[in-house]
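Take a look at the letters that make up each chain.
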Amino acid sequence: MGVSESYERGRNLFQSNPVGFVLGLAVLILMLDLVRQLVTGELDVARFGLVLKAGIMRGMVIGLAGIGLSLTYSILNFANFAHGDYLTSGAFAGMAVSYLVAGKFGSEANIGALLLVGTGGSVFGGALGVGVVTAPAAVLAGVVVAGVATIGLTLLVDRYVFRPIRDRSGIALLITSIGVAFVLRYLILFVFGGSKRGVTAEQPSLSVGVPGGAIEIGTHDVALFVVAAALMAGIHLLLQNTKLGKAMRAMADNEDLARVTGIPTERVVKYTWILGGGLTGVAGYMFVLWKGTLGFFDGWLLLLLVFAAVILGGIGSIYGAITGGLVIGITFSMAPIWIPSAFGRAAAFVVMIVILIAKPEGIFGGTSTA
Amino acid sequence: MSDTEVEADPAGSETGNESRALEGASGPDEREEVSLRVEKLRKTFGGIVAVDGASFAVESGTITGLIGPNGAGKSTTFNCVTGVYEPTEGTVYFEGEDITGLAPHAVANGGLVRTFQIARELGEMTVLENLMLAPKNQRGEALWRSLLPFVRDEVVEQERDIRERCWDILDFFEIDHLADEYAKNLSGGQRKLLELARALLTDPEMLLLDEPFAGVNPSLEERLLTHIHDLQAEGYTFLIVEHDMDLIMEHCEHIVVMHQGKVLTEGPPADIRSNEAVIEAYLGGDV
Amino acid sequence: MSAATDWRDRARRLWDRDPVKVLALLAVIYAVYIALGLAIGFEIRGQINSIATLTFYIGVFGILALALNLHWGYTGLFNIGIVGFMAIGIYTMAVVSKPVAETASQIGGLGAPLWVGMIAGMVAAAVLGLLVALPALRLRADYLAIVTIAFSEIVRFTLLSRTFQEFQVGDRTIGLGGGSGLILPFNPLQSFLDVTRLNVLQDALVALATPVIGGNADAVVNSMLYGVLLLVVVAIYYVVLTRIGRSPFGRVLKAIREDEDATKALGKDTNVVKTKAFMVGCALMGLGGVLWYMQSGAITPNTFRPRLTFFIWIALIIGGAGSNTGSVMGGAVFAAALFQGPRYLQNLVESAIEVDAPSNFSGAVAPIVDSLTLNPFLFYVIDNVRQLQLVFMGLVLIWLMHNRPEGMLGHRKEEAASVSLTRPPAGQGTAADGGRPDTGGDANE
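Chains as they are written, first to last, in the working numbering: chain A, 1 to 370; chain B, 1001 to 1287; chain C, 2001 to 2445.
There could be a bad hint or two in this list.
[To be verified] Reference listing, derived: stretches of chain C covered by chain A, where coverage requires no fewer than 3 residues with Cβ under 8 Å from a Cβ of chain A:
| hint | segment |
| --- | --- |
| 1 | 2151-2159 |
| 2 | 2271-2284 |
| 3 | 2307-2320 |
The hints are simulated quantities; they were obtained by calculation from the structure and are not laboratory data. None of these values were measured; they are calculated from a predicted model. By construction, the Cβ of each residue, glycine as well, lies at the ideal position given by its N, Cα and C atoms.
This is chain A alone, in the form it adopts within the complex (with noise of 0.2 Å):
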């Protein structure tokens, strides 16, 4: 009985989904597999908790960031290619701050040098101790500055780049964010230097035993996901009870009929971008501290994974950004298990790209925030 129920239940979820039912087979299979390979000691428990470990961090940021960029796409209903700038910016402006505390404002390095990030390893993050346990005030200035920072670059350039061509196509913002991305990112080469540095001192971490090794949970672990979830615990909150997240769940459905209705826009447009660009250069200064190192390019590669994960949750949905996040940094992480690490990345766009292509509305529908 029980077989041909599940079977005849399982053939109506095929009818009504047969996308989904695949993605969620395809799933299943592998976490079958999964389990498979940790009962057989093919992978071991510690490697697997490493990636998941990875994953779930990485994700954390792509999530945080993607509350920013779907928030302006929805509102705005252009595809931000600057976002991953801006991510790149908040890192640069928080860290500069960070070194700057650090280092007893130049009392123990050059000042350009602090400002600088360490351009051409002029003074080290290790050698500063940057680190939340090792300097917590420099960390702390880091996170207020690398938000405060990124919120008025995103509102300068909303100012004179995005606001002018209010009226365009969608994709007619699109080419103009491209250009702002060009500006960002190589302006941040020319004054911060290409080199890719480490930022961050050595932190005390906790080491937990499981079979094969241990798995490590470092500070910077715990900080970023402290960090991420309060803030999307209280960008939830802020658009659930708030007349503006009102607002702005209305313009998100229908910008004509919100402006109809007397909801004043152009100062929505200013707090998305406020809410976005402060969400996105934490995210930017978390992810450089988790990781430990800064580059340039930094945002520009983290940029395709955020909009993997703002697709895949629904553009619009700031759920569906944390949700699309996630699963977008674990696809990333845990790929490897599977196929050559090289592809790991590969087989994130591929998600987003099957997304896409069968359920483009997202897998969490429509277009409402939040």
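Mind docking chains B and C on chain A? Use the hints.
Just chains B and C, lined up with the frame of chain A:
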């Protein structure tokens, strides 16, 4: 409309007849009694039922009206018939053939051509380019033919024929002075004319017009109606969705009334005018 | 008075011809380059070399902008994965045409003739284009953009991966070379000149150039000739694409760009047409990749980053999407002013004065703060021209989108028809139709 009339009608019919001859399409004498038959058509979007088991038929050579209050399911029916939507249930027959679920271009190529409620002119193309696009079986639409040197002569020759037909139809609709204008610069009414002209150039058997008079000034409306009647005399069949009751009553010989996704009633204008249910539907709903 | 207006009239009519516009633009570009070189006192060898490099980039950007114009300008397909198709083109060509490896440790190819490799490269790019097109062409423009750019990155990851670094086909070792790339032992120019017997011309030019620029003139002459060859390819692309654009096929493309649903309603199978146009454009991009890199000696995957795609987009937007003439001119302007120009200026400055650039930004700014000395900053700018030029490109793109989205030529009316669309004279019927003699290359008459 009888078939003999079609063949006997010389006036203003150059375009239609010539085009048929050009394509070697089946003559009107082979046509079915009923052009379009819709049976138990049903279309749902998620949980919303837009069309709920509508059945009706359009006889060949008639101007049939499709009316109903807002949300009655007229546009959805149109889209199901023309292949834009796939019906959830039901069948659509055109000239005796089952065309349910065919792609829009296949429906159009079968001779059932539509216009849109909001005219869909190709804005960055000139009026003539818009028209040149329409004829079927253009040899040059195969990529290789437009490139290879000798085969291309055929294309150029056919282009000349098509150009002539386009100029003829521009004259017929009296919009030849607009030939070189970008379609986006046309007035609302001119766009409707352009759309009708473009649809005619595809050599249709039947035309589905979605609110062809919306936003058209009275004198142009008069002209459009004259053209439609002229074309009917040539043997074309029309199904027209329209809000303006008086207009439909005056110009259609058969009327289908839809309400809440169903066909409420159908018949000649006189019957419809006095039908209690129709009056109820229009007064009850928001017209 | 009438003579003057007559002359002006004639000049205007001359200017109306598109080839004249292109040639005039090229003349201006070359004149500026030569004048700058002369003003700074650049030596003649360097001068000719820089002109050859410039010609090369005018050629490749023209070729690729034309191919992109078929996608975006004509059909409205937002492809930002160009670089992926270029990479597929040149990598396929390399695998097919590289000589068979002599030892097992070398990565060899299949040893086919160059032209077979080039065709294989185009076919591979077209097939991959089909693979992308089948699912993706029905997507919204911005989704298609994201899919294509993700696709081009997947191509790059594949080229980078060790998985395909080398493998065996029969007893032959072939492969994509992984991160270290592939050596390309081709000399396409010489092969071409030998086959067409144009090597006589080459020899003559070398003999002519040797007294002027000294020994080893053939290197300079060859790079110049390759540039000219690319310009010939540009002309071929132009003619082919203009034909496509003016054909009934091109008319359907244009209609799809304007309103796909309306085009379907007129009985056009838009999916098939779009797929064809996409594949043709991809093949042309693949060939563009081949022509760009086949003579470069080696290729590595990281050359094929998305920014190259955006270069081509900027070139097309400068020229104006939708116009082939604009595409060529945009390619030329991009190559001369944005791509090669800043580097050329850097060369000129460095050859004229000793540039003692600070190693980082603080070294450049500190003197301004300390003692109002501007020189270190300027030197830093000159030294980092390659980064700054990308900033400049971004600014130009933003400016264009704000002020001139239709491109440098403004709005152009280019009718999509194989014949002139003016009303044919009554009575004479169709026989007296003259096609479009003034633009050339269309109506076969």
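Consistency of the hints with the structure:
| no. | hint | verdict |
| --- | --- | --- |
| 1 | 2151-2159 | holds (count 5) |
| 2 | 2271-2284 | violated (count 0) |
| 3 | 2307-2320 | holds (count 4) |
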